[in-house]
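Undergrad: Chains as they are written, first to last, in my numbering: chain A, 429 to 704; chain C, 429 to 704.
Source of the hints: derived by calculation from the structure; they are not laboratory data.
Keep in mind that the hints are not guaranteed to be accurate.
To be verified - Computed cross-link-like contacts, DSBU-like style, restricted to lysine-lysine with a CA-CA straight-line distance of at most 30 Å: (1) C:K555 - A:K516; (2) C:K447 - A:K555; (3) C:K686 - A:K555; (4) C:K465 - A:K555; (5) A:K457 - C:K447; (6) A:K472 - C:K686.
Only a predicted model underlies this, so the values are computations on that prediction, with no experimental measurement involved.
Protein chains: 2
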Amino acid sequence: MQDKYFPDVVGSDGRDFGKAVCIITGASKGFGRCIAKEIALLLKPGSMFFLVARSGDKLRELQAELAATRAGKAGLITRCVVADLGLKDDVDQVIREIREAASDIDINQLLLINNAASLGDVSRFAKSFTDLHEVNAYMSFNVSSALSLTASVLEVFPRRQDLHRCVVNVSSLCALQPFPSWVLYCTGKAARDMMFKVLAEEEPDLRVLSYAPGPLDTDMLLQARTESGDAGLKKSIAALHSQGEVLTCEESCSKLLKVLLEDKYPSGTHLDYHDV
Amino acid sequence: MQDKYFPDVVGSDGRDFGKAVCIITGASKGFGRCIAKEIALLLKPGSMFFLVARSGDKLRELQAELAATRAGKAGLITRCVVADLGLKDDVDQVIREIREAASDIDINQLLLINNAASLGDVSRFAKSFTDLHEVNAYMSFNVSSALSLTASVLEVFPRRQDLHRCVVNVSSLCALQPFPSWVLYCTGKAARDMMFKVLAEEEPDLRVLSYAPGPLDTDMLLQARTESGDAGLKKSIAALHSQGEVLTCEESCSKLLKVLLEDKYPSGTHLDYHDV
Numbered sequence: 429m430q431d432k433y434f435p436d437v438v439g440s441d442g443r444d445f446g447k448a449v450c451i452i453t454g455a456s457k458g459f460g461r462c463i464a465k466e467i468a469l470l471l472k473p474g475s476m477f478f479l480v481a482r483s484g485d486k487l488r489e490l491q492a493e494l495a496a497t498r499a500g501k502a503g504l505i506t507r508c509v510v511a512d513l514g515l516k517d518d519v520d521q522v523i524r525e526i527r528e529a530a531s532d533i534d535i536n537q538l539l540l541i542n543n544a545a546s547l548g549d550v551s552r553f554a555k556s557f558t559d560l561h562e563v564n565a566y567m568s569f570n571v572s573s574a575l576s577l578t579a580s581v582l583e584v585f586p587r588r589q590d591l592h593r594c595v596v597n598v599s600s601l602c603a604l605q606p607f608p609s610w611v612l613y614c615t616g617k618a619a620r621d622m623m624f625k626v627l628a629e630e631e632p633d634l635r636v637l638s639y640a641p642g643p644l645d646t647d648m649l650l651q652a653r654t655e656s657g658d659a660g661l662k663k664s665i666a667a668l669h670s671q672g673e674v675l676t677c678e679e680s681c682s683k684l685l686k687v688l689l690e691d692k693y694p695s696g697t698h699l700d701y702h703d704v
Numbered sequence: 429m430q431d432k433y434f435p436d437v438v439g440s441d442g443r444d445f446g447k448a449v450c451i452i453t454g455a456s457k458g459f460g461r462c463i464a465k466e467i468a469l470l471l472k473p474g475s476m477f478f479l480v481a482r483s484g485d486k487l488r489e490l491q492a493e494l495a496a497t498r499a500g501k502a503g504l505i506t507r508c509v510v511a512d513l514g515l516k517d518d519v520d521q522v523i524r525e526i527r528e529a530a531s532d533i534d535i536n537q538l539l540l541i542n543n544a545a546s547l548g549d550v551s552r553f554a555k556s557f558t559d560l561h562e563v564n565a566y567m568s569f570n571v572s573s574a575l576s577l578t579a580s581v582l583e584v585f586p587r588r589q590d591l592h593r594c595v596v597n598v599s600s601l602c603a604l605q606p607f608p609s610w611v612l613y614c615t616g617k618a619a620r621d622m623m624f625k626v627l628a629e630e631e632p633d634l635r636v637l638s639y640a641p642g643p644l645d646t647d648m649l650l651q652a653r654t655e656s657g658d659a660g661l662k663k664s665i666a667a668l669h670s671q672g673e674v675l676t677c678e679e680s681c682s683k684l685l686k687v688l689l690e691d692k693y694p695s696g697t698h699l700d701y702h703d704v
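Next up, chain A with everything else stripped away, as it sits in the complex (with noise of 0.2 Å):
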């Protein structure tokens, strides 16, 4: 696995992420999965994870994958938290797991990857967004949650001299330019960024990484080239399959890691795989 993912880039010249405690939302496919499986990789034994997402099956089954690679045989333990991080009382549930199985164990990495997200409703125009409801349903999941749980996790885990802490905020083009009929998307995104600026502000010893990873190809990729709105950016997306820009979540994974494993970007900055 690592010779295919990480030809050249990481992981083959040493670097890891030492004994870690790890949690990665949205972790049951896409680009979440696809960092869950790499991040396994550059794991100390008796490292963590915690795999959190809507969908339980998905989830145990990438735990069975992750159990039968060479990290799962060398004793990395793996979590399935099943929530819906729009939901209050399960993103307290997520934090009691994490609290409950993690909070002793002896470490020297953590790393928050705030993952998951929803593309919203790209079929509407802003004028249609009409009721309050819909519209909060979505900051709770896509933006409340990201900050909630990231402020609860760094209680159960408070700074601590030989303890390196990172959080990685998925982060889009989005949040820097506004796409016609992705209202939900660009302003989640948008807040998103600030929301972890002003952590890092705040939080000098963490390390804080929003980290755009390009025109992936997952499913929330497809449903923007079927379902986008606006004419004009369904056929750009169309445009970036036929001309091949689309990237694998390997390949931006790697990057990802890779600039995770330098460690040298400045906390709070926006990276977009295309500047690394």
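Got chain A sorted already, so can you dock chain C onto it with the hints?
TA: Just chain C, lined up with the frame of chain A:
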């Protein structure tokens, strides 16, 4: 009043907003109240004002003040709508009142000023916002409602050849820059800027402006100065006061109205008081 507030900036050259429906949120005090008083002087008789805020007493006080002005005597109709925009029923109620009272009156201008906002609890840092409900309540009032209300108002007043439609987002420097201990406020303002950028992309006939009014002498600045958790920021705000850099609402409003009347800004842009 006109002489006092618009020495030579607006109004004096005869420009006005025509016969308008004008909706201002957060109109009971501070910048919103000031905008209401200034715009009243620039509306043609038969125009209709909707003043929205949580405090009915203060709104009615403003209504009485407006009735006593030249504009009030010339036939400006003012409606107070007591509403908490963080709640769906209240947003829906605002729209119902606007629809019933104004959807069939003959106007040539629609002006929606999304001004309502709260600073949030600035005494604490991002890492303390573990409660999803607290974050959601903030986002509902400060982000989601701006979209729902704007979308609903645009539905009541659809595109029409002879109707000039303008939506203002009262923004902040915080939409662009992170400030420690202001995670909710910065996140909300960044989210709103993007939301209105997308709206501007989608509706080319609409005029959309995000206006950052500068540091204003309001209750919000007092709260910021006394309650901010970050000591450095607290000091900076105090310094604004001692260096005379705090603006009156009238100074900032005057620039906003100048920009709106000139109507030359690129739709969707973020404009700061200091840029004008």
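Undergrad: All hints, please: hold or fail.
TA: Hint check results:
1. C:K555 - A:K516: 17 Å, holds
2. C:K447 - A:K555: Judged against 30 Å, a Cα distance of about 24 Å means the pair holds.
3. C:K686 - A:K555: 27 Å, holds
4. C:K465 - A:K555: Distance ~28 Å between C:K465 and A:K555 Cα, so the pair holds.
5. A:K457 - C:K447: Violated: A:K457 and C:K447 sit about 54 Å apart, past 30 Å.
6. A:K472 - C:K686: 62 Å, violated
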